[in-house]
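A.B. asks: Spelled out from the first residue to the last, the chains are:
There are 2 protein chains.
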Amino acid sequence: MVGSTMAEDLAADENFEVTVADRDRVALERVAGRARLHTLCADLGDLAALRELAAGHDIVLGAMPSHMGLQTLRAVIEAKRSYVDISFMAEDPLVLSELARAGGVTAIVDCGVAPGTSNMAAGWASTQLRPFRRLEVYVAGLPVVRRWPFQYKAPFAPADVIEEYVRPARIVSGGRVVVRPALSDPELLDFPGVGTLEAFNTDGLRSLVHTMPAPDMIEKTMRYPGHVELMRVLRETGLFSETAIAVGGQAVVPREVAAALLFPGWTYDVGEADLTVLRVVAEGDRDGSPVRMQWDLLDRYDASTETRSMSRTTGFPATIMARFVADGRFAEPGVHPPETVGARAGLFEAMLTELSARGVAFTYDERPIPSGLTP
Amino acid sequence: MVGSTMAEDLAADENFEVTVADRDRVALERVAGRARLHTLCADLGDLAALRELAAGHDIVLGAMPSHMGLQTLRAVIEAKRSYVDISFMAEDPLVLSELARAGGVTAIVDCGVAPGTSNMAAGWASTQLRPFRRLEVYVAGLPVVRRWPFQYKAPFAPADVIEEYVRPARIVSGGRVVVRPALSDPELLDFPGVGTLEAFNTDGLRSLVHTMPAPDMIEKTMRYPGHVELMRVLRETGLFSETAIAVGGQAVVPREVAAALLFPGWTYDVGEADLTVLRVVAEGDRDGSPVRMQWDLLDRYDASTETRSMSRTTGFPATIMARFVADGRFAEPGVHPPETVGARAGLFEAMLTELSARGVAFTYDERPIPSGLTP
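Residue numbers (my numbering), protein chains in the order written: chain P, 397 to 771; chain S, 397 to 771.
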């Protein structure tokens, strides 16, 4: 879904020669028909082959299933090649930072929309605010057409969507890491052009929990109102459980039944329009005065290129980051989260400029916080 | 759940000698400990044995699972014994009326709360109203304590509850039988002492569709608000489907998964309080003036006898009807719905008196319909 968008963006740049590797021949033929690039049908779970493949190129971009995320990062580092990654992984990728530093490899992970551009915004804010008091990240990838009852389609692997509904979320409150239940703290927010969305805690702060000094940080995913309650009901009913139950004399895993019943309806139709909403709020003092910095993104399906918004907003940050690495604007060895890049002078601004050139346009608003509202 | 209440009520009457037959020895021992009666452990699916058992008694009361309803009725008729039945059956029991008449057997079916007392009210109303314009029946059996998300427990076989959520409902509109989807036409109604309930079409008119002259008739089941929407969602998701789907290489019937996940939470705890709400509205002209006749019942769990309200409101109409048959107040051969009995002078009033003596107290209200509201 996203890899082909990344490949096309880089292939359209005469500075790059692009090879796309995947085990799916049909997917390779589809992208080869749309862009000037090489394709290679390969099992990327074969780590020796992966290292060899990486060694034959200057920069590697990763868009892997979550269970292959960490092993791919390690293989590319071992091949001593730069890496820009959008793969979700449950593990902490920064554990490989020492290996990367030792090999002189620059790797940037979590480099999509959120985590991704949201981290860069936080990194930039951390250079502007003394103290940095509060960070809020709200993100949504949604279908434009809302159909009862779930009003939802999955812009990435639907199994990872259900993970969002069961995995506890780490937030930061009063300077401490607090674990909140999945689907907790629902709140309604209005977005111009979209309407009211319902936000709930998800485990998306990731590296920010440790890299940012703000004592209060939340990350929330959003859905159209109503979806969250239904997911809470299905979870309560046991339908998201991975523990097998006896049904008609067989052992059946409820979550697999949920997947079989839900996912067909959660799949985007060909050409179906989606949208991405991202809001990042950073609060703190700038030059002694409390301010609220706010970035907003509303991005929509691109009918002219038939590219889904979630593919654009997730893929372009990675291809732009790859250019930062290619031209040396960010060349520090190690495994880095995007906030490290965002904290470097000019790079978050350059990211926003390049995204805007691709139609992914953030707005920025900064305003003083009335003193009565300051903590 | 209901059979033991029926047996206890009859056993407490010195005019009767009672035998309870069931295949469940534990259930038999439980009821034997509570009342002066005989028990017989028997497979009532063995129709020859059933006929023999029936022949040894004067009157038979039936409280059978739905799939055994019709065959039990037939066996009792063949044994030439009177029968009072509360079993739900998908089939039309009146097809056996000719057989009953030929054998001189009096059988009254659907003799619970609704269908049951509601039919008797309709039958009585049909003798009072010329024309009889409209009949409305609203019924609910609910737990007193409402727990998120379903706020529901099943007072009878939960598989039959799910049937209510999928089986289309026949209503009568403008003099024609109209089939409406299950869970359709939800409406909110307030009941003193209970609060707001949500009513939806169920297929409970049954014989009334054909026996009553009213051109507009509805029957609705009620739940606490919110339940209906969740059932619509689960149905839409496919969880009530009886068609097997492939899950992890196995064929799995979604409704069996739903049963395994939902029913444990839908089971009343020992001693848990329930309530029954019934409202019957009949509209038409009495002596040339439009009137609205309305019967209301709010019945609650009886802690002193540890008897669930649904068992009381369903079981007592049958035991009272059995007395009508025993003392000859209703002795017409054939298979009869309760409205036929209710139309006989004095019998619906006698039913209400006897129910009230058992603490199941209806209220009755009759008021003129302002002429502006008359069709």
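It is worth saying that the hints were derived from the structure and are not from the lab. Here the structure is a predicted model, which is why all the values come from computation and not from measurement. From the three backbone atoms N, C-alpha and C, an ideal C-beta is built for every residue, glycine too. It is possible that some hints are incorrect.
Said to hold, decoys possible - Covered by chain S, per the in silico footprint, the following chain P stretches (three or more residues, Cβ under 8 Å):
hint, region
1, 628-639
2, 645-658
To be verified - Calculated from the model, a selection of chain P residues having no Cβ within reach of chain S, i.e. all distances over 10 Å:
hint, residue
3, ASN411
4, HIS434
5, ILE455
6, GLU474
7, GLU487
8, GLY500
9, ARG542
10, PRO545
11, ARG576
12, GLY661
13, GLU702
14, ASP723
15, GLU762
A.B. asks: Tell me, in ascending order, the numbers of any earlier hints that this structure violates.
C.D. replies: Hints 10 and 12 are the ones this structure does not satisfy, whereas the remaining hints hold.
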